[in-house]
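From first to last, the protein sequence lines are chains W and D.
Going left to right, the first sequence walks through residues 260 to 371 as my numbering numbers them.
Going left to right, the second sequence walks through residues 3 to 112 as my numbering numbers them.
These are computed hints drawn from the structure, not numbers from a lab.
Idealized CB from N, CA, C, for every residue including glycine.
Take the hints with a grain of salt, since some may be wrong.
Covered, in the sense of this in silico footprint (three residues per stretch, anywhere, with C-beta under 8 Å from a C-beta of chain D), are these stretches of chain W [claimed, not checked]:
#1 301–307
#2 347–358
#3 361–368
Under the rule of at most 25 Å between Cα atoms (straight-line distance), these lysine to aspartate or glutamate pairs were calculated in the DMTMM-like manner [to be verified]:
#4 D:Lys5 / W:Glu318
#5 D:Lys111 / D:Glu19
#6 D:Lys111 / D:Asp33
#7 D:Lys71 / W:Glu359
#8 W:Lys273 / W:Glu289
#9 W:Lys268 / W:Glu331
#10 D:Lys54 / D:Glu19
#11 D:Lys5 / W:Glu359
#12 D:Lys71 / D:Glu16
#13 D:Lys71 / W:Glu318
#14 W:Lys268 / W:Asp297
#15 W:Lys268 / W:Glu318
#16 D:Lys54 / W:Glu359
#17 D:Lys56 / W:Glu318
#18 D:Lys56 / D:Asp84
#19 W:Lys268 / W:Asp332
#20 D:Lys71 / D:Asp33
#21 W:Lys268 / W:Glu289
#22 D:Lys56 / D:Asp69
#23 W:Lys273 / W:Glu331
#24 D:Lys5 / W:Asp297
#25 D:Lys5 / W:Asp285
#26 D:Lys54 / D:Asp33
#27 W:Lys273 / W:Asp297
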Amino acid sequence: NAGVTQTPKFQVLKTGQSMTLQCAQDMNHEYMSWYRQDPGMGLRLIHYSVGAGITDQGEVPNGYNVSRSTTEDFPLRLLSAAPSQTSVYFCASRNPLAYEQYFGPGTRLTVT
Amino acid sequence: LAKTTQPISMDSYEGQEVNITCSHNNIATNDYITWYQQFPSQGPRFIIQGYKTKVTNEVASLFIPADRKSSTLSLPRVSLSDTAVYYCLVVGQAGNMLTFGGGTRLMVKP
Numbered sequence: 260n261a262g263v264t265q266t267p268k269f270q271v272l273k274t275g276q277s278m279t280l281q282c283a284q285d286m287n288h289e290y291m292s293w294y295r296q297d298p299g300m301g302l303r304l305i306h307y308s309v310g311a312g313i314t315d316q317g318e319v320p321n322g323y324n325v326s327r328s329t330t331e332d333f334p335l336r337l338l339s340a341a342p343s344q345t346s347v348y349f350c351a352s353r354n355p356l357a358y359e360q361y362f363g364p365g366t367r368l369t370v371t
Numbered sequence: 003l004a005k006t007t008q009p010i011s012m013d014s015y016e017g018q019e020v021n022i023t024c025s026h027n028n029i030a031t032n033d034y035i036t037w038y039q040q041f042p043s044q045g046p047r048f049i050i051q052g053y054k055t056k057v058t059n060e061v062a063s064l065f066i067p068a069d070r071k072s073s074t075l076s077l078p079r080v081s082l083s084d085t086a087v088y089y090c091l092v093v094g095q096a097g098n099m100l101t102f103g104g105g106t107r108l109m110v111k112p
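Pulled out of the complex, with its shape left as it was, chain W reads as follows (with noise of 0.2 Å):
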């Protein structure tokens, strides 16, 4: 099992450009969700999905658009993105019938 796994690892963005970060799963874990965290802090919820075709929102969902058309596979695409989203995000996934999350090793990403 590969786990949890995140593209790319690091990524440059000129202020207003878009792009999407990938994650993908292969645990068959139904909840998953995105976090950001900026240096020093902790994590924040961005968005999250119970099952494919299910997303809602978390704490910091603004500027951030997610879908959920797999099981596996729960993108998080940046619409415009701002100095403000300069951070590191983690994508985490688990099982329903338990509470153990599992992390991917993170994008760092950086908008100038």
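Please build the complex by placing chain D on the supplied structure of chain W, with the hints as guidance.
Here is chain D on its own, set in the frame of chain W:
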């Protein structure tokens, strides 16, 4: 939503037992308490979970009082490699993913 509060930082020495307490006053009946460890430039790693009383695994123990408004993560005989940030997270049913608190930065000194 069950928000969590933890000390910002703690210092310890190798071989000591470390106890990190998390406050979650608004925890709901069906919520579980989970703890994670995070090293720099890595994603958080699950350590332990519990609902009430005491849970122990090969890494840590988790103590939860009867009112469940707080929990204490206990790390026995820490080593330098336990230097990390520790987060508690209250997780509810139906995929209610709650946001992590600020975490506790543990520094283990030789």
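Verification of the hints:
Check on the stretch 301–307 of chain W: 5 of its residues sit with their Cβ under 8 Å from a Cβ of chain D, so the three-residue criterion for coverage holds. Counting residues of the stretch 347–358 of chain W whose C-beta sits closer than 8 Å to any C-beta of chain D gives 4, which meets the bar of three, so the coverage hint holds. Residues of the stretch 361–368 of chain W with a Cβ under 8 Å from some Cβ of chain D number 5, which satisfies the need for three, so the listed coverage holds. For the hint linking D:Lys5 to W:Glu318, the alpha-carbon distance of about 12 Å falls within 25 Å, and the restraint holds.
Note on D:Lys111 and D:Glu19: the hinted pairing holds, with a Cα-Cα distance of about 13 Å set against a maximum of 25 Å. Under the criterion of a C-alpha separation no larger than 25 Å, the hint pairing D:Lys111 with D:Asp33 is inconsistent with the structure, at around 35 Å. A C-alpha spacing of about 20 Å is found between D:Lys71 and W:Glu359, which places the hinted pair at or below 25 Å, so the restraint holds. Taking the CA atoms of W:Lys273 and W:Glu289, the gap is about 34 Å. The hint is violated against a cut of 25 Å.
For a cut-off of 25 Å, the pair hint linking W:Lys268 to W:Glu331 stands: about 19 Å separates their Cα positions. Using a Cα cut-off of 25 Å, the hinted pair D:Lys54 and D:Glu19 holds, with the two alpha carbons roughly 21 Å apart. For the given pair, D:Lys5 sits about 18 Å from W:Glu359 by alpha-carbon distance, which is consistent with the 25 Å threshold. For the hint pairing D:Lys71 with D:Glu16, the CA-to-CA distance comes to about 30 Å; that exceeds 25 Å, so the pair is violated.
The hinted pair formed by D:Lys71 and W:Glu318 meets the criterion: a straight-line CA distance of about 22 Å does not exceed 25 Å. For the proposed pair W:Lys268 and W:Asp297, the alpha carbon gap of about 16 Å is at most 25 Å, so the pair holds. For the suggested pair W:Lys268 and W:Glu318, the alpha carbons sit about 24 Å apart, so the restraint of at most 25 Å is met. Taking the CA atoms of D:Lys54 and W:Glu359, the gap is near 16 Å; set against the 25 Å cutoff, the hint holds.
This hinted pair does not check out: D:Lys56 and W:Glu318 have alpha carbons roughly 31 Å apart, beyond 25 Å. Straight-line distance between C-alpha atoms of D:Lys56 and D:Asp84 comes to about 21 Å, which keeps the hinted pair within the 25 Å bound. Pair hint W:Lys268 plus W:Asp332 holds up; C-alpha atoms about 17 Å apart against a cutoff of 25 Å. Our distance criterion of 25 Å between C-alpha atoms is met by D:Lys71 and D:Asp33, whose separation comes to about 11 Å.
This hinted pair checks out: W:Lys268 and W:Glu289 have alpha carbons roughly 24 Å apart, not beyond 25 Å. As the CA atoms of D:Lys56 and D:Asp69 are separated by approximately 13 Å, the hinted pair is consistent with the 25 Å bound. At roughly 29 Å between alpha-carbon atoms, W:Lys273 and W:Glu331 are farther apart than 25 Å, so this suggested pair is violated. A threshold of 25 Å between alpha carbons decides the hint, and for D:Lys5 with W:Asp297 the separation of about 19 Å falls inside it, so the pair holds.
Proposed proximity of D:Lys5 and W:Asp285 is contradicted: the alpha carbons are some 31 Å apart, above 25 Å. The straight-line distance between the Cα atoms of D:Lys54 and D:Asp33 is roughly 10 Å, inside the 25 Å bound, and the hint therefore holds. Annotation: proposed proximity of W:Lys273 to W:Asp297 holds, straight-line Cα distance about 18 Å (limit 25 Å).
Hint check: violations occur at hints 6, 8, 12, 17, 23, 25; the rest are consistent with the structure.
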